[in-house]
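> Letter by letter, the chains look like this.
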Amino acid sequence: DAGVTQSPTHLIKTRGQQVTLRCSPKSGHDTVSWYQQALGQGPQFIFQYYEEEERQRGNFPDRFSGHQFPNYSSELNVNALLLGDSALYLCASSWGLDRGTNEKLFFGSGTQLSVL
Amino acid sequence: QKEVEQNSGPLSVPEGAIASLNCTYSDRGSQSFFWYRQYSGKSPELIMFIYSNGDKEDGRFTAQLNKASQYVSLLIRDSQPSDSATYLCALDSGGGADGLTFGKGTHLIIQP
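Chains as they are written, first to last, in my numbering: chain E, 1 to 116; chain A, 1001 to 1112.
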């Protein structure tokens, strides 16, 4: 059973460019969340998708946008990249949208984004 | 704004001893509390969660929650070198769509 898979594993971009990161949830999962983890910090919640809609959003600017597809996979798009966007981007999946959603959360291995 | 505070460490503990990791939080509306382990260069792995005051045990791990003091802790008994990692404390407000709010993590080193 494949877990949460993310692609690419590493990415190098320059300031001002745009980037798209991809995530396939664990089999049986229908909820996808994205987190940003800067070096030496804990992950920060970006947003969560369920039934192809953004359900909750953290304190991130509109440059960060996402999408969920009918097969539950998801994309994270970041426009106008800044040096400060350099981080590990983690996708996490779960199922349902209830109090126990976070209790069933599984993280992918992440995409390491470097902005030069 | 929710805040989760952890001592960044490193916390050094001899092999076989009890490691005690602590976390405080600011939002009294927080409902569920999570402990994750993250090895260097890897993704976070859930160790356990707790949402009622008191202790919850799972093998060598015990989570303790005190909502009045806004304090949650993780005890690791019989610490092993393989327990060396960063331990992240996280919480949510109990809503299904809530993202987790994480602390910065405590770096734990188990000395053989």
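Since the hints were made in silico from the structure, they are not lab data.
Since this is a predicted model, take the numbers as computed values, not measurements.
Each residue gets a CB set at the ideal place from its N, CA and C atoms; glycine is no exception.
Any given hint might turn out to be false.
[To be verified] Taking beta-carbon pairs under 8 Å as the criterion, some of the chain A residues facing chain E (in silico): (1) GLY1029; (2) SER1032; (3) PHE1034; (4) TYR1039; (5) SER1043; (6) LEU1046; (7) GLY1054; (8) LEU1088; (9) ASP1092; (10) ALA1097; (11) LEU1100; (12) THR1101; (13) LYS1104.
[As the list claims (entries may be wrong)] In silico DSSO-like cross-links for lysine-lysine, where the CA-CA straight-line distance does not exceed 27 Å: (14) A:LYS1104 with E:LYS104; (15) A:LYS1042 with A:LYS1104; (16) A:LYS1002 with E:LYS104; (17) A:LYS1104 with A:LYS1067; (18) E:LYS104 with A:LYS1056; (19) A:LYS1067 with E:LYS13; (20) A:LYS1056 with A:LYS1067; (21) A:LYS1104 with A:LYS1056; (22) A:LYS1002 with A:LYS1067; (23) E:LYS13 with A:LYS1056; (24) A:LYS1002 with E:LYS13; (25) A:LYS1067 with A:LYS1042; (26) A:LYS1104 with A:LYS1002; (27) A:LYS1056 with A:LYS1002.
> If a hint holds in the structure, say so; if it doesn't, say that too.
Here is how each hint holds up against the structure:
1. Restraint check, A:GLY1029 versus chain E: the minimum CB separation of about 13 Å is more than 8 Å; hint violated.
2. At its closest, the beta carbon of A:SER1032 sits 6 Å from a beta carbon of chain E; the interface hint therefore holds under the 8 Å criterion.
3. Nearest Cβ of chain E to the Cβ of A:PHE1034: about 7 Å, under the 8 Å cut. The hint holds.
4. The interface hint given for A:TYR1039 is broken, as the beta carbon of that residue sits about 11 Å from the closest beta carbon of chain E, more than 8 Å.
5. For A:SER1043, the shortest C-beta to C-beta distance to chain E is roughly 4 Å, which falls under 8 Å, so the interface hint holds.
6. Because the beta carbon of A:LEU1046 sits about 7 Å from the nearest beta carbon in chain E, less than 8 Å, this interface hint is met.
7. The criterion of a C-beta within 8 Å of any C-beta in chain E is not met by A:GLY1054, whose closest approach is roughly 18 Å, and the hint is violated.
8. About 5 Å separates the beta-carbon of A:LEU1088 from the nearest beta-carbon of chain E, less than 8 Å, and the hint is met.
9. Annotation: A:ASP1092 was flagged as interfacial toward chain E, and the flag holds, the nearest CB pair being 5 Å apart, inside 8 Å.
10. Satisfaction of the interface hint for A:ALA1097 is found here, the shortest Cβ-Cβ separation to chain E being roughly 4 Å, below the 8 Å cut-off.
11. Given the 8 Å rule on beta carbons, the hint for A:LEU1100 holds: about 6 Å separates it from the nearest Cβ of chain E.
12. A least Cβ separation of about 7 Å between A:THR1101 and chain E falls short of the 8 Å threshold, and the interface hint therefore holds.
13. The closest approach between the C-beta of A:LYS1104 and any C-beta of chain E is roughly 5 Å, which is under the 8 Å cut-off, so the hint is satisfied.
14. Of the pairs offered as hints, the one joining A:LYS1104 and E:LYS104 holds, with about 21 Å between alpha carbons and a cut-off of 27 Å not exceeded.
15. Simply put, A:LYS1042 and A:LYS1104 have alpha-carbon atoms about 15 Å apart, close enough for the 27 Å limit, and the pair holds.
16. Between A:LYS1002 and E:LYS104 the alpha-carbon distance is near 22 Å, which keeps this suggested pair within the 27 Å criterion.
17. For a cut-off of 27 Å, the pair hint linking A:LYS1104 to A:LYS1067 stands: about 20 Å separates their Cα positions.
18. For a cut-off of 27 Å, the pair hint linking E:LYS104 to A:LYS1056 stands: about 17 Å separates their Cα positions.
19. The hinted pair formed by A:LYS1067 and E:LYS13 fails the criterion: a straight-line CA distance of about 44 Å is larger than 27 Å.
20. The suggested pairing of A:LYS1056 with A:LYS1067 holds, with an alpha-carbon distance near 14 Å, which does not exceed 27 Å.
21. At most 27 Å may separate the alpha-carbon atoms for a hinted pair to count; A:LYS1104 and A:LYS1056 meet this at roughly 23 Å.
22. At most 27 Å may separate the alpha-carbon atoms for a hinted pair to count; A:LYS1002 and A:LYS1067 meet this at roughly 15 Å.
23. Taking the CA atoms of E:LYS13 and A:LYS1056, the gap is about 45 Å. The hint is violated against a cut of 27 Å.
24. Among the hinted pairs, A:LYS1002 with E:LYS13 is inconsistent with the structure: their alpha-carbon atoms are about 32 Å apart, more than 27 Å.
25. Between the alpha carbons of A:LYS1067 and A:LYS1042 the distance comes to roughly 31 Å, so the proposed pair goes past 27 Å and is violated.
26. Proximity of A:LYS1104 to A:LYS1002 is assessed by CA-CA distance (about 13 Å); at most 27 Å being required, the pair is judged to hold.
27. In summary, the hint linking A:LYS1056 to A:LYS1002 is supported, as the alpha carbons are separated by about 24 Å, within the 27 Å threshold.
Of the numbered hints given earlier, the model fails hints 1, 4, 7, 19, 23, 24 and 25; all others are met.
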